[in-house]
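Peer 1: Here is what each chain is made of, one letter per residue.
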Amino acid sequence: MSSNQQYSGNALLELRDVHVAYPARRRGGSVARAVDGVQLTLQPGEIVALVGESGCGKTTLARAILGLQQLSKGTIQFDGESIPTDAAGKKLFRRQVQIVFQDPTASLNPRQSVYEIVAEGLRIHGNSENEHKIVSAALERCGLHPAERYLLRYPHELSGGQRQRVVIAGAMVLEPRLLIADEPVSSLDASVRGEILKLLQDLARDKNMAVLVVTHDLGLPWNIADRIAVMYLGRIVEIGTTEDVLARPKHPYTRALLSVVHEHLQLEQQILKGDTPDPTSISHGCRFNPRCPMVQSGEAERLGILQKCLNDDPVLPNKQNNDHIAACHALNI
Amino acid sequence: MTWLRRRRALLRVWRELRHDRSGFTGLLLLVFFGVVAFAAPLIADRSELLAAAGRNNPDLAGPSAKFLLGTDDIGRDILAQLVWGSRVSLFIGLLATVVAVVIGSLVGLVAGYVKGKVATVLLAIDNFFLVVPFLPLAIVLAVILGRSPVTLALVIGFTSWAGSARLVRAQVLSLSERGYVERARALGANSRHVILRHILPGVAPLIIANATLIVPGAILTESTLSFLGFGDRLSPSWGKLLDGAQSSGSITLNAWWYYLPPGLCIITVVLAFTLFGRALERIFDPRLAGR
Amino acid sequence: MIDSPVLKVRDLYVTYQSSFGPVPAVRGVDLDIALGETLGLAGESGCGKSTLAMALLRLVPPTTQISGSILLDGQNVLTMKPGQLRLVRWAQASIVFQGAQHVLNPVQQIGVQIDEAIQLHHGSTSSTVREMLALVGLSDTRADDYPHELSGGQKQRVMIAMALSCNPLLIIADEPTTALDVMVQAQILQLLDNIKRERGLSMLFITHDLSVLSHNTDRVAVMYAGRIVEVGPAEELLRGSIHPYSRALAESFPIIGDPMSRHKPKGLAGDPPDPNSLPSGCPFHPRCNVAIDSCKSIDIKLSAVAKSVDRQVACVHANDESRSVK
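First to last, the protein sequences are chains A, B and C. Under the numbering used here, the final residue of the first sequence carries the number 333; numbering is consecutive throughout. Under the numbering used here, the final residue of the second sequence carries the number 1291; numbering is consecutive throughout. Under the numbering used here, the final residue of the third sequence carries the number 2326; numbering is consecutive throughout.
The shape of chain A in the complex, shown without the other chains:
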């Protein structure tokens, strides 16, 4: 299993103190700090899940990695170099980092045939020789065989699962080194979920391609991810191997999430009160303190960290490789 691999060499992707802030919508309104200081590294071939609820910034972060979103602060390095800002450099970068969006139907132009959709990437980058062969091979690799049966079809003639396979094939023809999958199975039927996840896992292994899966579903990382990063209000609050984080969660938010999703971990159900928080009003101190069960039950006070929770913003300690760390004052006692 790849989680036991010892990684050597440069990280494929390295995020340092990344911030993405959206300006206020109205005059006098507040800035939305969608991503508020994220550190993350990805090694070639590993599958990392970025987990969180809506408003946590995971989709914004994914788009920032792709260069579809401007950073307000921080750096993103791919293969040891900053992401290019010139048009030509950006184009080359796009070959190496690809994305699969949540809704396969919206991602496909209803007027293009499957062939044209998959070939689009090749045509953009000017690789037209062997186009037919590459397209067919990609389709078959993604489970649509025989490819001939699908080449002339249109998106509306395909099922949800098949459409997602076409999208994935379209990304794979460029042979990316990193694939970002934003909720790849949420809009698909439950019975189709497993096959698509298996496909992503196989592709990651066969092509030594890193995969960053953005999802709100905690079961998904258990199925395919090596590591998992839990996000809350723009920050990674816990990160480690999937086994560590899901079996021995350290951050109260992770614990609460797991407690409502699966009772097999023998966690007492902790339903947090209030709505999923809003990046325009991040509270002072630890951003989780308005809803933190430890603060509300008084345990934080008993542990003597209440003042810290209310005033100091906890940060993730420095990590090595697969360390399991969380940003919580309760861990530093």
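Below, in silico cross-link-like pairs of lysine to any residue (SDA-like), each with a Cα-Cα straight-line distance of 20 Å or less:
no., chain 1, residue 1, chain 2, residue 2
1, B, 1115, A, 25
2, C, 2008, C, 2081
3, A, 319, A, 44
4, A, 91, B, 1196
5, A, 319, A, 331
6, A, 198, C, 2261
7, C, 2155, A, 271
8, A, 207, A, 11
9, C, 2266, A, 206
10, B, 1115, A, 69
11, C, 2266, A, 162
12, B, 1115, B, 1194
13, A, 198, C, 2260
14, A, 250, A, 217
15, A, 73, A, 21
16, A, 91, A, 70
17, A, 90, B, 1192
18, C, 2307, C, 2240
19, A, 273, C, 2150
20, C, 2266, A, 205
21, C, 2266, A, 141
22, A, 319, A, 10
23, C, 2264, A, 241
24, C, 2155, A, 278
25, A, 90, B, 1182
26, B, 1117, B, 1176
27, C, 2264, A, 143
28, C, 2008, C, 2234
29, C, 2008, C, 2066
30, C, 2155, C, 2140
31, A, 273, C, 2154
32, C, 2264, A, 247
Estimated spans, in silico, between C-beta atoms of each pair:
no., chain 1, residue 1, chain 2, residue 2, range
33, A, 299, C, 2193, 22 to 30 Å
34, A, 304, C, 2144, 42 to 50 Å
35, A, 29, B, 1118, 22 to 30 Å
36, B, 1011, A, 29, 48 to 56 Å
37, B, 1008, A, 187, 22 to 30 Å
38, C, 2102, B, 1011, 32 to 40 Å
39, B, 1106, C, 2082, 54 to 62 Å
Hints are computed from structural coordinates only; laboratory data are not their basis. For every residue, glycine included, the Cβ atom is placed at its ideal position computed from N, Cα and C.
Use these hints to put chains B and C onto chain A, whose structure you have.
Peer 2: Okay, now just chains B and C, sitting in the frame of chain A:
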């Protein structure tokens, strides 16, 4: 591969059109007029149009074996004028539409895709042309620029593009937000690729349908200009015939062969384009993109 | 057997008309829901569950053919006159629709929308908007808000308040928590649970996410291609499904911590069938890994499973020793 698909799409449109009774009727009528206009030299002798030709003919005579639609107030063959007039009316109508659609689509495309300050300026210009009454403007321009068929077409086109621009812009705005456009960008596409491969094909059906609905307006405008006396002095046109009919008092004299035929022709062509255009709109409706 | 059930559906067939011809969305469904009981209905797109939900209150297009019987508190919904039907709708059974943002009127304040139902059943209910909001955990001040000023979870609470406004016996919840965040989902499920217990409500809980059903339902029915393929007590069915489809559906959502699913995503090949073109015999056979020859031609009906009380499965292997109830 692309041609196969294009052919398939065209066949589908054809099939749908066949089923759409009003649209198909419109198309047949248009074909009829097109043929008449094209075959004008075969149907009516051009020399009949000259004032001189009418010298020996009875004035304002009713339909007879020699003159199927009678003669006008100076003895010219009305059928000949009608047939040759169809050329002018259709030509100006179509050319004006092309001008209007080209300007309107370009403006709409830029305003919808580029957005920002450029769009604001373009929209302000568009607003101006929407609000200004087009007929006075057309008359003024016709007087200034001259009244040849081509100039008239340009003038009419120039005063009719504003509505198309709005339509195209709205559609382009909507298309630029689509998931597949974002995907194309993620694949590394530049604006040229996005516009050529995704935006234009998406907006083309709308432009075509819209164009067929502009033609009748252009023909009517030409007829109006001619009727008001601002049309081309030299060539016959349906509007000119109407003008002649009115000024010669043919209505009171009950010379129906003078005013009825051109009026009916205008109405029929306008109706034909409208029916056809509406049918195309129905066929190209976005809901079908999901079929 | 259940005495005087709140809902008793027998032999329900719903075929609606589309541009492709008749579409048999529901093909022979029997259902029972007792007073105070929650029945979970699990299935994916195209299985007919939403059509079934709408048919229960005859909220289907007029060209739809429905046959069978739907007894709501003893009265057949399908044979009611329109006047009576209107009384029954909302006051006997109401629906919490899927996708609150599309169901709420964006230009009306939510207080007005909740009130609408109350007014329509004027005289027969004493609830007020205020009570309803309190019931679902929203403050009074929310009554003047417009839907876009509320979060997803809050909108769903409004939907629930609307459904409860006329004090029905049965609530039909069609995917009430899909598209909501995990924590908000838990809150809504807890809310529904409390309300059910307080008011002795019966509920039909429709979802494609089996994991949601384990703690919120008494019995579960799994639907595929317009038919129920397995039904039984919730925990028993979810822990040990018998029908190959139910099993596959359950396996699609891994149990976190279970080494059997670590790095082993499990899914079904193929796609849920199109009601327009169902396979011959048992509609599941093209995707079934234990299908035998007879499955291609014989469509199996629900039958009781030996060794288990109140458990029915529509599969040729239902009573095999090797697949017995755990």
